[in-house]
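So the protein lines, in turn, are chains A and B. With numbering that gives the first Met the number 0 applied, the first sequence corresponds to residues 0 to 499, in that order. With numbering that gives the first Met the number 0 applied, the second sequence corresponds to residues 0 to 332, in that order.
Since the hints were derived computationally from the structure, they do not count as laboratory data. Careful: at least some of the hints might be erroneous.
List time: in silico BS3-like cross-link candidates among lysine-lysine, alpha-carbon distance up to 30 Å [unchecked claim]:
1) B/K271 with A/K396
2) A/K359 with B/K271
3) A/K51 with A/K339
4) B/K271 with A/K339
5) A/K51 with A/K225
6) B/K271 with B/K308
7) A/K339 with A/K416
8) A/K359 with A/K339
9) A/K51 with A/K396
10) A/K51 with B/K271
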Amino acid sequence: MHAPGTVMLEARGIGKSFGPVRALSGVDLQLRAGEVTAIMGENGAGKSTLLKILTGDYQPDAGTLELAGTEVHFTDPRHSRIAGLRVIAQEPEVIAHVSVAENIYVGALRGPLFDKRAVYAKTRADLAKYGFERLIRPEALGSTLSPAQRQIVEIMRALVDEPAVICFDEPTSSLGEDESGILFALIQRLRDEGVAIGYVSHRMQEIFQLADRITVLRDGALVGTKLTAETDHDELVRMMVGRDLTQFFHREPVTPGETVLELRDVGNEHVSGVDLTVRAGEVVGIAGLVGAGRSELMKTIVGDFPITSGEILVSGRRTSFRSPGDAIAAGIGFAPEERKAEALVLQRPVRDNITLAVLKELSRWIFVRAGAERALTADYISRLRIRTPSSEQLVGKLSGGNQQKVVLARWLATRPKLLVLDEPTRGVDVGAKAEIYAIIDELAHAGVAVLVVSSELPEVLGLADRINVMAGGRIVGELSRAEATEEAILALAMDESRIS
Amino acid sequence: MTAVTAEPRLGPLRRVVGGIGVQNISLLMAIGLLLLIIGTQNPLFFTVGNLRVIGTAIAISGLLAVVQTMVIIMGALDISVGSIAGLTSVSSAMIFTVAGPALGVAGAVVIGIVCGLVNGCIIVFGRVNPVIATLATLAAYKGLAQLVSDGRAQGYTGADGFFVFLARGTLIGVPVLIWVLVIVAVLAHVALRYTRVGRNIYAVGGNDVASRLAGININRYIIGIYMMTGAIAAVAGVLITARTGSGQPVSGSEGLELESITAAALGGAALKGGKGTIAGTILAVILLGILTNGMTLLGVNSFWQNVAKGALLVLAVVIQQLRSGERRIGLPG
Ligand SMILES: Nc1ncnc2c1ncn2[C@@H]1O[C@H](COP(=O)(O)OP(=O)(O)OP(=O)(O)O)[C@@H](O)[C@H]1O
Ligand SMILES: [Mg+2]
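Generate coordinates for the entire structure from the input sequences, incorporating the hints supplied.
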């Protein structure tokens with residue numbers, strides 16, 4: 000291993016354009032052995048692009064790369080892998096129909112014979128070595144994994160190569176608090192072993208907890224690199240956003256109106272005995288650990304999963320949604336958790352994606368009114384500050400955070416009376432987060448009932464008037480705004496999950 | 000990115016290329032190249048008569064390619080189109096013999112729609128993969144066509160005014176066969192481009208989970224698109240009857256499914272769904288038509304022509320795959 004502080008990876012003057020879009024220009028980056036370097040910047044600042052250039056996934060238009068002092072030109076991620084550099088992708092790809100073990104050792108398996116037992120045993124040992132053994136089984140199929148588990152598979156794939164440089168692209172955006180804790184312990188351990196680590200995240204707390212150095216990008220250009228000890232939250236935000244933002248968000252609660260959503264003893268194969276009400280003008284938060292059944296409950300509410308017991312009332316009327324289409328007709332909007340798998344049509348333009356759920360209203364008979372559609376799209380692009388060269392850009396080419404904003408725009412456009420948001424700020428930068436909070440606040444003031452699932456406790460605490468904590472498919476407690484603290488939520492969530 | 004707020008400024012060339020699409024430009028260039036090669040080799044190629052031969056030859060496969068494109072955009076595939084065309088060809092001729100041309104055509108279309116409905120129901124309610132489902136009905140419909148016809152050509156339509164008009168008539172100098180293709184293609188293009196039905200077809204093909212969560216009734220779309228495909232396959236069947244003068248259970252329609260898929264893929268429709276245009280498919284149909292005609296004029300034997308078409312399909316899909324920049328891990332899905 001190299002002495003701590005040695006520059007393991009050095010990028011100089013990196014530039015990259017996609018057609019008319021300048022993603023990066025003149026960016027320098029240093030990753031040092033035994034240090035965590037955070038890479039920060041707004042959505043679309045170019046962080047993921049930079050990492051893809053490091054691995055050889057993209058070719059830079061300008062600049063040079065040095066790994067341990069020698070200049071390298073990677074044209075394929077395999078080359079960088081062999082050279083000892085790994086990037087944990089923002090959206091890991093996991094092969095659906097093979098086991099976790101095979102997913103991890105994909106490419107690393109040698110020889111014609113595949114000894115299943117040995118591979119499972121090795122996987123189990125490796126998982127235990129890095130502290131993941133409780134979270135994932137080697138035999139589980141790729142298709143059954145949660146986003147958090149997929150992230151673990153991706154991390155394990157990298158670790159088995161024992162690389163000298165590892166970069167993480169927003170690893171915690173799909174993890175809950177407890178899994179994040181395990182990941183942080185792992186990162187600290189790798190750092191102590193002398194690995195050079197790059198770390199992309201929008202969560203300030205994590206950055207201050209983990210990073211030794213922070214490199215900030217804005218609009219594809221380097222703003223600067225700071226030692227963590229010599230900077231603070233406000234300075235970083237100014238560097239990233241170019242203006243000041245209030246650090247903590249707290250809504251002014253509205254006096255709630257009539258009950259919009261009421262669940263009475265609702266149960267099905269995913270959740271059981273759920274009682275829940277959301278009133279007009281109210282923001283209700285759902286907290287809990289990953290796997291507590293939060294997303295499943297949301298999908299039950301919007302009619303994606305049928306209920307087998309209990310009843311759901313919308314504005315006092317009993318509903319029997321047979322599909323999400325019925326829920327939309329009843330005025331419920333639902334932004335799901337996994338934007339790529341469940342929300343976006345990646346090969347279609349931003350415009351189509353924003354208007355997908357309101358095409359009927361935008362049409363005369365079956366013909367889409369182009370003018371009305373353009374106006375609506377332009378409106379949401381500017382309201383949510385979606386960074387896209389035009390409304391015709393394919394959604395798949397936007398940065399992760401901007402894709403998330405497109406999903407939100409789609410559901411805001413339906414003007415719902417109940418908005419169900421599952422991890423609405425996943426992968427969204429600080430500035431945009433504040434904008435999304437402001438929008439939720441504005442909706443509540445306009446009398447919309449909002450139900451928010453979030454794994455980020457400060458977010459639930461800042462937004463929600465009431466917080467319901469879930470564990471094991473049930474609601475295990477409700478906290479009012481006054482009672483709610485991070486500790487109180489975690490205590491409920493953990494305690495109950497241990498019992499069940 | 001340096002705050003690209005306004006529409007990006009593009010050079011005029013870039014804008015033209017962007018408007019037509021890289022895929023279509025390559026097809027146009029391929030067509031140009033073929034015309035040049037075949038035209039210099041054989042002077043007969045550029046005669047009005049031969050152009051008309053090409054036009055009428057591509058009309059039938061073009062119809063199927065257009066609907067196949069829509070099915071592919073929705074993320075599915077219909078390999079039974081050729082068999083439906085065969086079945087409706089014989090039935091149109093047989094109904095015509097007893098009930099006249101109007102009922103012959105109407106009967107064929109109804110049969111085509113029912114065939115499509117069956118395909119759709121197998122896929123939706125039986126939860127069967129579209130390829131497997133239509134592979135099964137490809138065999139079943141072909142068998143049915145042979146059963147009702149005893150495996151022979153049926154009914155003589157060559158003396159009927161209407162069928163003759165379909166096969167050899169012209170309107171403003173353009174053969175009726177070509178008009179039929181043009182009308183169907185324009186309707187399909189408008190539907191895909193300017194209606195919410197078309198938008199939803201792209202959405203379902205691009206991401207079915209998201210489409211469902213956005214309120215689209217996917218089952219209705221699947222059944223609907225197969226019924227429409229059945230109807231258009233029946234129109235193709237009627238045209239086969241008209242051209243050959245009698246109902247053909249198999250010989251007029253065999254291999255049309257392959258041709259329609261080749262044309263759609265060559266025209267840029269992604270077999271994974273969510274991508275494709277009618278314009279691209281029509282250009283590909285023209286390219287294939289010229290290729291077939293050219294090979295015949297240059298005396299290439301028809302077995303080699305089949306090999307060439309198969310190779311073209313592979314080439315089209317490989318190019319598509321490379322352009323999409325997919326990573327090469329695992330089995331392609
Ligand atoms: N393949 C591509 N084609 C066109 N534009 C692209 C492509 N990939 C990225 N971009 C653009 O490059 C810019 C930088 O994107 P990148 O994904 O690196 O942002 P990011 O900093 O990772 O943002 P986020 O925090 O939202 O993940 C964005 O404007 C994005 O739209
Ligand atoms: Mg990113």
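Hints, verified against the model:
1. For the given pair, B/K271 sits about 18 Å from A/K396 by alpha-carbon distance, which is consistent with the 30 Å threshold.
2. Among the hinted pairs, A/K359 with B/K271 is consistent with the structure: their alpha-carbon atoms are about 26 Å apart, no more than 30 Å.
3. Straight-line distance between C-alpha atoms of A/K51 and A/K339 comes to about 19 Å, which keeps the hinted pair within the 30 Å bound.
4. The straight-line distance between the Cα atoms of B/K271 and A/K339 is roughly 15 Å, inside the 30 Å bound, and the hint therefore holds.
5. Taking the CA atoms of A/K51 and A/K225, the gap is about 23 Å. The hint holds against a cut of 30 Å.
6. With a C-alpha separation of about 21 Å, the suggested pairing of B/K271 with B/K308 holds against the 30 Å cut-off.
7. Using a Cα cut-off of 30 Å, the hinted pair A/K339 and A/K416 holds, with the two alpha carbons roughly 25 Å apart.
8. For the proposed pair A/K359 and A/K339, the alpha carbon gap of about 24 Å is at most 30 Å, so the pair holds.
9. About 14 Å separates the Cα atoms of A/K51 and A/K396, which keeps this hinted pair within 30 Å; it holds.
10. Only pairs whose Cα atoms come within 30 Å are accepted, and A/K51 paired with B/K271 is accepted, the gap being roughly 25 Å.
Of the numbered hints listed earlier, not one is contradicted by the structure.
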